[in-house]
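Q: What follows is the residue order along each chain.
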Amino acid sequence: MYSDKVMEHFTNPRNVGEIPDADGIGEVGNARCGDIMKMWIKVENNIITDIKFKTFGCGAAIATSSMITELAIGKTVEEAEKITNRDVAEALEGLPPVKMHCSNLAAEALGAAIADYRKRTASTA
Amino acid sequence: MEAALRPGTILVSIMHANNEVGTIQPISEIGALVRARGVRFHTDAVQTAGALDLNVDALNVDLLSISAHKFYGPKGVGALYVRKGVRLHPLIHGGGQEKRRRAGTENVAGIVGLAKAFELAQEEREAESARLQKLRDRLIEGLLQIPHTRVNGSLERRLPNNVSVCFEFIEGESLLLNLDLRGIAASSGSACTSGSLDPSHVLLAMGLSHEIAHGSLRLTLGRENTEADVDFVLQEIPGIVERLRAMSPLYQG
Numbered sequence: 001m002y003s004d005k006v007m008e009h010f011t012n013p014r015n016v017g018e019i020p021d022a023d024g025i026g027e028v029g030n031a032r033c034g035d036i037m038k039m040w041i042k043v044e045n046n047i048i049t050d051i052k053f054k055t056f057g058c059g060a061a062i063a064t065s066s067m068i069t070e071l072a073i074g075k076t077v078e079e080a081e082k083i084t085n086r087d088v089a090e091a092l093e094g095l096p097p098v099k100m101h102c103s104n105l106a107a108e109a110l111g112a113a114i115a116d117y118r119k120r121t122a123s124t125a
Numbered sequence: 001m002e003a004a005l006r007p008g009t010i011l012v013s014i015m016h017a018n019n020e021v022g023t024i025q026p027i028s029e030i031g032a033l034v035r036a037r038g039v040r041f042h043t044d045a046v047q048t049a050g051a052l053d054l055n056v057d058a059l060n061v062d063l064l065s066i067s068a069h070k071f072y073g074p075k076g077v078g079a080l081y082v083r084k085g086v087r088l089h090p091l092i093h094g095g096g097q098e099k100r101r102r103a104g105t106e107n108v109a110g111i112v113g114l115a116k117a118f119e120l121a122q123e124e125r126e127a128e129s130a131r132l133q134k135l136r137d138r139l140i141e142g143l144l145q146i147p148h149t150r151v152n153g154s155l156e157r158r159l160p161n162n163v164s165v166c167f168e169f170i171e172g173e174s175l176l177l178n179l180d181l182r183g184i185a186a187s188s189g190s191a192c193t194s195g196s197l198d199p200s201h202v203l204l205a206m207g208l209s210h211e212i213a214h215g216s217l218r219l220t221l222g223r224e225n226t227e228a229d230v231d232f233v234l235q236e237i238p239g240i241v242e243r244l245r246a247m248s249p250l251y252q253g
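Protein chains in written order, with this note's numbering: chain R, 1 to 125; chain A, 1 to 253.
Honestly, I wouldn't trust all of these hints.
[Said to hold, decoys possible] What follows is a set of in silico ranges between Cβ atoms, one per label pair, in the way DEER data are often shown:
{"hint": "1", "chain 1": "R", "residue 1": "Glu79", "chain 2": "A", "residue 2": "Pro147", "range": "38 to 44 Å"}
{"hint": "2", "chain 1": "A", "residue 1": "His69", "chain 2": "R", "residue 2": "Arg14", "range": "40 to 46 Å"}
{"hint": "3", "chain 1": "R", "residue 1": "Glu8", "chain 2": "A", "residue 2": "His69", "range": "50 to 56 Å"}
{"hint": "4", "chain 1": "A", "residue 1": "Ile184", "chain 2": "R", "residue 2": "Asn45", "range": "44 to 50 Å"}
{"hint": "5", "chain 1": "A", "residue 1": "Ala58", "chain 2": "R", "residue 2": "Ser3", "range": "49 to 55 Å"}
{"hint": "6", "chain 1": "A", "residue 1": "His210", "chain 2": "R", "residue 2": "Thr11", "range": "22 to 28 Å"}
{"hint": "7", "chain 1": "R", "residue 1": "Met1", "chain 2": "A", "residue 2": "Leu144", "range": "28 to 34 Å"}
{"hint": "8", "chain 1": "R", "residue 1": "Ser3", "chain 2": "A", "residue 2": "Arg182", "range": "55 to 61 Å"}
These are calculated hints, taken from the structure and not from any lab test. These figures come from a predicted structure and were not determined experimentally. Built from N, CA and C at the ideal position, the CB exists for glycine as well.
Please model the complete structure; the sequences and the hints are all you need to start from.
A: Rendered as structure tokens:
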């Protein structure tokens, strides 16, 4: 049902964990749907230098979380913000149609972490 | 049950045992109550054929259905017991086959296959049920050693081959994928809903939250399973659950 790439990220997810002194934290999804993603980012000079995630969800939810951390790390905040769920799905060599909607939340989770980062920097500026 | 019967009720149908959580219903008692009111009583014994005694008089049923594939018979054939005196409208109109209840040429090979399989299942039933029950209890006991784990359904009135548990803080599909990678075939709800993203409607109806129902696992045992299979499953599952919990935002380990 899943591509080899999805299974590879599912079995060896990158960047699992939390960042205690994160600059931004985002959480999306809900238990009703069966997928909850939480993302922590560290930003230095407008560049995402570290990113970690924790995900409650299916194989697709875990693989997309893992993949977006690889896509986002080293990018500027603006570049990272432009990553879409479609980009994540493509980098994973596709997702089953039924999973495109519910479990493909990684871009929203990263977006929420970036929004949190912006809010924090705005209030300290 | 009594409160659910209305003046116009003509038929009550209750499954003998639930396919997801394995709970055996008090069919005999329900049958006595229902039939005393002159209402026909049907039970779906698909899960219990081959596991429990299907004496239709002891069960107090007018109608009972079974399906061959559940007792190692051919797929695509079932049987309906109809008590003498119960008149049924034909399911398929046309020819007079199957006592005018189901028109069309009979599936003779399927019918014979079902009958033979049922005969064999009856011969082995008591010994096999006792054997599976032992394996089942060891599995349940072993899985309950994992913290934040609960058994779904009754421990006492339970199908001998059914294990259904929920592991909190994790989601069923990621658990199943991990089990599949290790060669363990399991399901998170019933096979009928494997294409659905919703948690089991049975577990939700039993009052579990969506969050917990998403972490369900059903293991069913059959004649090919051994003690060694149970050992292997109990050796693999705790580590998988722990790993998934370590990446779950819901778990504060």
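Q: Now tell me if each hint is right for this structure.
A: Going through the hints against the structure:
1. Glu79/R x Pro147/A: 38 to 44 Å: holds (42 Å)
2. His69/A x Arg14/R: 40 to 46 Å: Hint holds: Cβ distance 43 Å, inside 40 to 46 Å.
3. Glu8/R x His69/A: 50 to 56 Å: Given about 36 Å between the Cβ atoms, the range is violated.
4. Ile184/A x Asn45/R: 44 to 50 Å: holds (48 Å)
5. Ala58/A x Ser3/R: 49 to 55 Å: About 53 Å separates the Cβ atoms of Ala58/A and Ser3/R, which means 49 to 55 Å holds.
6. His210/A x Thr11/R: 22 to 28 Å: holds (26 Å)
7. Met1/R x Leu144/A: 28 to 34 Å: holds (30 Å)
8. Ser3/R x Arg182/A: 55 to 61 Å: violated (20 Å)
Going through the hint list in order, the structure does not satisfy hints 3, 8.
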